[in-house]
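Let chain A serve as the given structure and place chain B on it in line with the hints.
Number of protein chains: 2
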Amino acid sequence: MKEAIVLVSGGLDSATCLAIAADKGYSSYALSFDYGQRSVSELDAARRVVSANLVMGRKVMEHKVIELRMGEFGGSALTDANIDVPEIESEGIPVTYVPARNTIFLSYALAWAEVVDADAIFIGVNALDYSGYPDCRPEYIEAFQKLINLATKVGVEGRQISLETPLINLSKAEIIKAGEQLKVDYALTVSCYQADELGQACGVCDSCRLRKKGFADADTVDPTRYQ
Amino acid sequence: MKEAIVLVSGGLDSATCLAIAADKGYSSYALSFDYGQRSVSELDAARRVVSANLVMGRKVMEHKVIELRMGEFGGSALTDANIDVPEIESEGIPVTYVPARNTIFLSYALAWAEVVDADAIFIGVNALDYSGYPDCRPEYIEAFQKLINLATKVGVEGRQISLETPLINLSKAEIIKAGEQLKVDYALTVSCYQADELGQACGVCDSCRLRKKGFADADTVDPTRYQ
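Which chain is which? The protein sequence lines are A and B, in order. When you read off a place in the first sequence, starting at 1, and then add 3, the result is the number in my numbering. When you read off a place in the second sequence, starting at 1, and then add 3, the result is the number in my numbering.
One should not assume that every hint holds.
[Unchecked claim] Straight line, CA to CA, 27 Å or less: simulated DSSO-like cross-link-like pairs of lysine-lysine:
(1) A:149 / B:149
(2) B:186 / B:216
(3) A:186 / A:216
(4) B:149 / A:156
(5) B:67 / A:67
(6) A:180 / A:215
(7) B:186 / B:27
(8) B:62 / B:27
(9) B:156 / A:149
[Unchecked claim] Here are some chain A residues the structure puts well away from chain B; computed CB gaps all over 10 Å:
(10) 25
(11) 51
(12) 172
It is worth saying that the hints were derived from the structure and are not from the lab. Don't be surprised by glycine CBs; every beta carbon is placed ideally from N, CA and C.
Chain A on its own, in the form it takes in the complex:
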C-alpha cells in the first residue's frame, strides 16, 4: 500500500485533502502543527477530522501534532496577539501571512516522509480561492518538489517523494463538492482565523469569507457554526 504524509490543519481544505489521499489508495500519516496560531480550536478540529476518517475505515497510521515555536519570530496576525486579524479584504499579501509557514510545515513533512519511507506528501494548498500567500502558488510547490529531490536520501537514490496538491487549481466550491462526494463532514472542520474555544467561526475574517462563499457557490448547506 502506498503511504503519504498528509498535512491536516483542521480546516476545510486539508480535510478534503485527507479524504482524497485515502481515495487514491494511500494510507496516511496525519501531521498537524501547534504553532501558536490564534485559533487553538483548529487543532481540536484536526483531531476530529482524523478520528472521522478512522471511523470510516480509512487507514491513518498515526497523527502527530508537532509543537513549533514560530510565534517567537512574530510578524503575523495569526501568531502575534499585537496584530489584529482584518475584517475586510486587503490589497497584496495580508497580515495573516505567517512567514515561511508552509516551508516549515513541508520541511517537517519531508523529515517524517524520509523516516517512514513515504511515497508522497499531501498539502491542501489552493491558488484560486486563497488569501494571496506566496507559499500557496504552483511555482512555489514546483520549487519545493525540486528541493525534495535534492534534499533526500531517496532523491539521491533516484526515487521521488511526490508533493501532491490535489486542490491547487480548484475553486472553494469545487473543493467542497469533491469533499462531499468523499463524505467529508465539514461540520467537523474549522477554517476561521479567530474561532472561539468551541470552534465557532467569526464569519468576517478572510478565511470565513472564502469558506462562506464556497458553500454558497457549491449550492450546498453551510454547516459552519458561527458565533
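Below, chain B alone, put in the same frame as chain A:
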C-alpha cells in the same frame, strides 16, 4: 548596515561562518537549534561562540535557540539513542544523517529573515570535507535559493534574501585558515557527534576525523579537547 541570519551550531564551520559574515559587514542574528542532538554541549559551544563575537565588538543583534521536535521522527544516530554513532567511515549517506535537517533549519532562518527584513542567510555547509549528506551539496543550496525567492513576501516584491554559503567549496584546512585570519577561537567550538557534557570530543566519529585532519592539513595546533 546589512543584516543576516547566521546558523550557529557551535561547530567549527558555523563559527567560521559567523566571523565571515561580520567581516563582510553584516550584523548578525545568530540562530541555533536544540533538536535532540546527542551532544548538548554543542549548544553551550554555540553560546560561547556568539559571546566571543560580541566581546570582539562584532554586531550580533540577538541569539535565538529554537527547540525543535525532530527526535520525534527518529531515523538518525544523532537524534535517536537506539542508533550508534559509527566510528569508522561508512559508504554512502551515513546513519548520522538527520532527515531534512538543513531544510528545517533553513526554513526557520527564512521565517526570521522575513520578520527582521534581513538581506541574507549564512549557513556553513561544506561539500568537500563533509559527511556526504545530500542537503550540503551546491545543487541543494541552489534549489533552496529558488524556493526562498518564491516563498517570501520580499521575493514576490522582487527583492532577494540571499543564501550565503562561504565555506561550500573550501577544504576543512582552508576553512580553519580562513577562520584563524578572522581570529576565530576554535577552542570554543565542538564538532564531535558525541561530545561529553564538558564538550570533550570522542576523537573517532566522522566529524572528529574530518576536524582532526583539517588541523593537521592546515599545519596548525588542534585546540580540541579530547576525552
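Violations among the numbered hints, reported as their numbers in ascending order: Structure breaks no hint.
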